[in-house]
Amino acid sequence: GNSVTQMEGPVTLSEEAFLTINCTYTATGYPSLFWYVQYPGEGLQLLLKATKADDKGSNKGFEATYRKETTSFHLEKGSVQVSDSAVYFCALNTNAGKSTFGDGTTLTVKP
Amino acid sequence: GAVVSQHPSWVICKSGTSVKIECRSLDFQATTMFWYRQFPKQSLMLMATSNEGSKATYEQGVEKDKFLINHASLTLSTLTVTSAHPEDSSFYICSARSTVLTGELFFGEGSRLTVL
Chain A
266 GNSVTQMEGP
276 VTLSEEAFLT
286 INCTYTATGY
296 PSLFWYVQYP
306 GEGLQLLLKA
316 TKADDKGSNK
326 GFEATYRKET
336 TSFHLEKGSV
346 QVSDSAVYFC
356 ALNTNAGKST
366 FGDGTTLTVK
376 P
Chain B
7 GAVVSQHPSW
17 VICKSGTSVK
27 IECRSLDFQA
37 TTMFWYRQFP
47 KQSLMLMATS
57 NEGSKATYEQ
67 GVEKDKFLIN
77 HASLTLSTLT
87 VTSAHPEDSS
97 FYICSARSTV
107 LTGELFFGEG
117 SRLTVL
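Residue numbers (the numbering used here), protein chains in the order written: chain A, 266 to 376; chain B, 7 to 122.
Some clues are possibly wrong.
DEER-style ranges, computed between Cβ atoms [claimed, not checked]:
| no. | chain 1 | residue 1 | chain 2 | residue 2 | range |
| --- | --- | --- | --- | --- | --- |
| 1 | A | Lys333 | B | Cys19 | 35 to 41 Å |
| 2 | B | Lys20 | A | Glu334 | 53 to 59 Å |
| 3 | A | Glu334 | B | Phe45 | 34 to 40 Å |
| 4 | A | Glu341 | B | Lys61 | 39 to 45 Å |
| 5 | A | Lys333 | B | Lys20 | 37 to 43 Å |
| 6 | A | Lys317 | B | Thr120 | 24 to 30 Å |
| 7 | A | Ser323 | B | Glu28 | 15 to 21 Å |
| 8 | B | Thr37 | A | Glu334 | 21 to 27 Å |
| 9 | B | Gln35 | A | Ser344 | 35 to 41 Å |
These aren't lab readings, by the way, just hints derived from the structure by calculation.
Beta carbons are placed, not taken as given, at the ideal position from N, Cα and C, and that holds for glycine.
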């Protein structure tokens, strides 16, 4: 079956630090890959996505590149802000089937 | 982007009562909606897949008679927690997949249920 493995948290960074949250996956076929973000007390929001190998998704300074050879979709941001504090979920979807989520990584950014 | 709205965002009820949570896709039609449960500081647990016009598909371990799901139209799915008990207290989240876009899920804001 499909699975997503995320870097364990929590992650605590100082403002303007570089962020990497690792995500690797196993899937049959050619999945689409997603990063979702959940702010405290809210539902999930799509942060970025990539639908095929070598695609780079980007949004709000965050980036992730779909690496088929390493089955990875690591999330990066060059300079984090306090407002980026949230839980980040990596997810995959194959052919409009059920999505598979990672366990989530909690990021706390301190001023 | 597409918008999914959940209502109510939070609800407190007495043990033994039933609670209905609505999930609406506001600007697109969703043939498929998903219901999740999320415990504090944990990931989403898929409870069931709701398909418009047919019975929901429940994940293993989820009680069908406890969590009633109805998807009567392309824009509305409801989750009813029947005879709620304190252990049903949780954050319930719905998501919808557009009939046009493939793969991307749009999430509701979540509904916090507290059973006293």
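State the violated hints by number, sorted upward, taking the hints as numbered earlier in the document.
Violated hints (numbers, rising): 1, 5, 6, 7 and 8; every other hint is consistent with the structure.
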